[in-house]
Amino acid sequence: MSLLQVKNVSKHFGSLVAVNNISMTVEHGELRAIIGPNGAGKTTFFNLITGFYRPNTGRIIFDGQDVTHLLPARRVWCGMARTFQVTEVFPELTVWENLRIAVEVASGLRLRAWLSQTDDDKIRVRIQELIEMGGLASKADRQVGELSHGDQRATEIMMALALKPRLLLLDEPTAGMGDQETYEITQLIRQLHKDSKLTIVLIEHDMRVVFHLADRIMVLDQGKFLAEGTPAEIAANKAVQTAYLGQAA
Amino acid sequence: MSGKLQLESSGRKFVAPVAIWTALLLAPFWMPLLGGYTALGTRVLVLGLAAMSVNFLLGFTGVLSFGHAAWFGIGAYGCGMILKFVAPSTPLGILAGTLAGGLAGAALGALIVRRRGVYFAMVTIAFGQVFYYIAFQWSSVTGGDDGLRPFYRQPLHLGIATVDILNNAVAFYYFVLACFALAAAAMAFILRSPFGRTMLAIRENERRARFLGIPIELHIWIAFTLSCFFMAYAGSLYALVNNFADPRGLHYSQSGDFVMMAVMGGMRSFWGPLLGAIVFVVFQDYVSSVTINWQIFIGFLFVLVVLFFPRGILGAIRRRAAL
Numbered sequence: 001m002s003l004l005q006v007k008n009v010s011k012h013f014g015s016l017v018a019v020n021n022i023s024m025t026v027e028h029g030e031l032r033a034i035i036g037p038n039g040a041g042k043t044t045f046f047n048l049i050t051g052f053y054r055p056n057t058g059r060i061i062f063d064g065q066d067v068t069h070l071l072p073a074r075r076v077w078c079g080m081a082r083t084f085q086v087t088e089v090f091p092e093l094t095v096w097e098n099l100r101i102a103v104e105v106a107s108g109l110r111l112r113a114w115l116s117q118t119d120d121d122k123i124r125v126r127i128q129e130l131i132e133m134g135g136l137a138s139k140a141d142r143q144v145g146e147l148s149h150g151d152q153r154a155t156e157i158m159m160a161l162a163l164k165p166r167l168l169l170l171d172e173p174t175a176g177m178g179d180q181e182t183y184e185i186t187q188l189i190r191q192l193h194k195d196s197k198l199t200i201v202l203i204e205h206d207m208r209v210v211f212h213l214a215d216r217i218m219v220l221d222q223g224k225f226l227a228e229g230t231p232a233e234i235a236a237n238k239a240v241q242t243a244y245l246g247q248a249a
Numbered sequence: 001m002s003g004k005l006q007l008e009s010s011g012r013k014f015v016a017p018v019a020i021w022t023a024l025l026l027a028p029f030w031m032p033l034l035g036g037y038t039a040l041g042t043r044v045l046v047l048g049l050a051a052m053s054v055n056f057l058l059g060f061t062g063v064l065s066f067g068h069a070a071w072f073g074i075g076a077y078g079c080g081m082i083l084k085f086v087a088p089s090t091p092l093g094i095l096a097g098t099l100a101g102g103l104a105g106a107a108l109g110a111l112i113v114r115r116r117g118v119y120f121a122m123v124t125i126a127f128g129q130v131f132y133y134i135a136f137q138w139s140s141v142t143g144g145d146d147g148l149r150p151f152y153r154q155p156l157h158l159g160i161a162t163v164d165i166l167n168n169a170v171a172f173y174y175f176v177l178a179c180f181a182l183a184a185a186a187m188a189f190i191l192r193s194p195f196g197r198t199m200l201a202i203r204e205n206e207r208r209a210r211f212l213g214i215p216i217e218l219h220i221w222i223a224f225t226l227s228c229f230f231m232a233y234a235g236s237l238y239a240l241v242n243n244f245a246d247p248r249g250l251h252y253s254q255s256g257d258f259v260m261m262a263v264m265g266g267m268r269s270f271w272g273p274l275l276g277a278i279v280f281v282v283f284q285d286y287v288s289s290v291t292i293n294w295q296i297f298i299g300f301l302f303v304l305v306v307l308f309f310p311r312g313i314l315g316a317i318r319r320r321a322a323l
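So the protein lines, in turn, are chains A and B. Note that the first sequence covers residues 1 to 249 in this note's numbering. Note that the second sequence covers residues 1 to 323 in this note's numbering.
Any given hint could be a false lead.
Which residues of chain A face chain B? A few of them, derived with a C-beta cut under 7 Å, are [said to hold, decoys possible]:
(1) Pro72
(2) Ala73
(3) Val76
(4) Trp77
(5) Arg82
(6) Glu88
(7) Phe90
(8) Glu92
(9) Ile101
(10) Ala102
(11) Val105
(12) Leu109
(13) Arg110
(14) Leu111
(15) Arg112
Derived Cβ-Cβ restraints for the label pairs, each shown as a range [unchecked claim]:
(16) B:Ser289 / A:Arg124: 53 to 59 Å
(17) B:Leu304 / A:Gln117: 43 to 49 Å
(18) A:Gly108 / B:Ala19: 37 to 43 Å
(19) B:Val18 / A:Trp114: 21 to 27 Å
Honestly, the hints are just simulated from the structure, not real lab data. We treat Cβ as the ideally placed atom computed from N, Cα and C, and that holds for glycine.
The task is simple: from the sequences and hints, build the whole structure.
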């Protein structure tokens, strides 16, 4: 069975139809990119999947369970984790503390007033793993708010990974980054996809990144579905070229 | 070299708490030298604990309650009523006051945790005032405008000895200090726990916290409830300090005073509110003997601190130490 099935979801804000009757099916282990010009409804679509908004119509099935009416925290417990277009971290805490909170929550310890030595040791090991995977070892004790944009984004992705998600949703992971940072984040995502076999859905503006990473691409335009297919199919699609590439050029 | 640096910084970490506890333990000896008196120290401890309770929520969860005097007042009345009507036992009074205020806070908290920011502050003011008017109007039980009296703190029976805390100011100071230490230790313990870190997470970024899978409302409610228990505990001690429970102890202006102490002292730091309480109480004590308009001066001081030291007095000291 598919990991994520989005069925005919719509969302309007007053008279604006931000997402208009869109469906999407994501298989286990797939890396799906969602692209489209500004205002295409990509982030709103993301927000519907993760529970930030409730859809006006349509259903969202995650791993066989209808999550359409679940609160965001509950969808996280089901195995969804996300990052945001504008990086959301705990700016006045250190990288270590940011990850510590995520790991403790993921270990079901969030209501605990006390940790056993065994639990504490396990948590430390896990934090260290994540810090190394994110290339943050030299910055573990720095406040996240002081770090570069790329390192903040890496921290955010590591926090999402701390939750051991079955589906990772990344909203423009390379937004506002330089070439080097973009390259590093792209490598990280590729590694998560190829080595850890993680299912990933991402929104991205940088076409190099999209065509480098994605198994399949879905294109939205003005809240509507435009096309879906492999990178090669999308590159050859006339409708996409006029609507998306035409406008971008 | 980095090892040495680390040692130094961890050494520095202990300097402040050791200095604070030493100063508190020796207060009855050094305060008279500076023209203070022991009862003033006792008041500082109790009001400082109240300000720390407000700050438990404000500084560490990022939630501003402007009606916390209600729990403080309920604690005071609860303690006073036990002593006046039920049994001459100081510990029982404290226990009853703490439970009454804490449980009332838990119940109200459940109704309001969905509100945020200004709305939350407004709702807490409104509910706080409800309790104020109950205390003010229900004269047959609460003593109305005159407050609840007479009742007196009772001697402590410690098994081997009986301590008179009514007439012996120093003994009472140490009793309050012991109670204060208990609450401060509990707060510090909670703040260092996984739950305490979820409070910081909510303060830092509610959206991120929610999408880490933290049920925000539940966690805010627990933090609010804990804060109300600490507040009611401070309130019951306050009834013992005065041998009197005052309806003005529930008024929103009292809540404002606690917030002012916390902000003035430094709301991101554990000890900041205690420092704020020291400044507030000592200032009040001295200036009110000169002019009845002492509040103008404390207000002026508050404005200066907020303008020039947005992180409070302790925050400013820390920043200087870090440079």
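Against the structure, the hints come out as follows:
no. : hint                            : verdict
1   : Pro72                           : holds, 5 Å
2   : Ala73                           : holds, 5 Å
3   : Val76                           : holds, 3 Å
4   : Trp77                           : holds, 6 Å
5   : Arg82                           : holds, 6 Å
6   : Glu88                           : holds, 4 Å
7   : Phe90                           : holds, 4 Å
8   : Glu92                           : holds, 6 Å
9   : Ile101                          : holds, 5 Å
10  : Ala102                          : holds, 5 Å
11  : Val105                          : holds, 5 Å
12  : Leu109                          : holds, 5 Å
13  : Arg110                          : holds, 5 Å
14  : Leu111                          : holds, 6 Å
15  : Arg112                          : holds, 5 Å
16  : B:Ser289 / A:Arg124: 53 to 59 Å : holds, 55 Å
17  : B:Leu304 / A:Gln117: 43 to 49 Å : holds, 47 Å
18  : A:Gly108 / B:Ala19: 37 to 43 Å  : holds, 39 Å
19  : B:Val18 / A:Trp114: 21 to 27 Å  : holds, 24 Å
In this structure, every one of the numbered hints holds.
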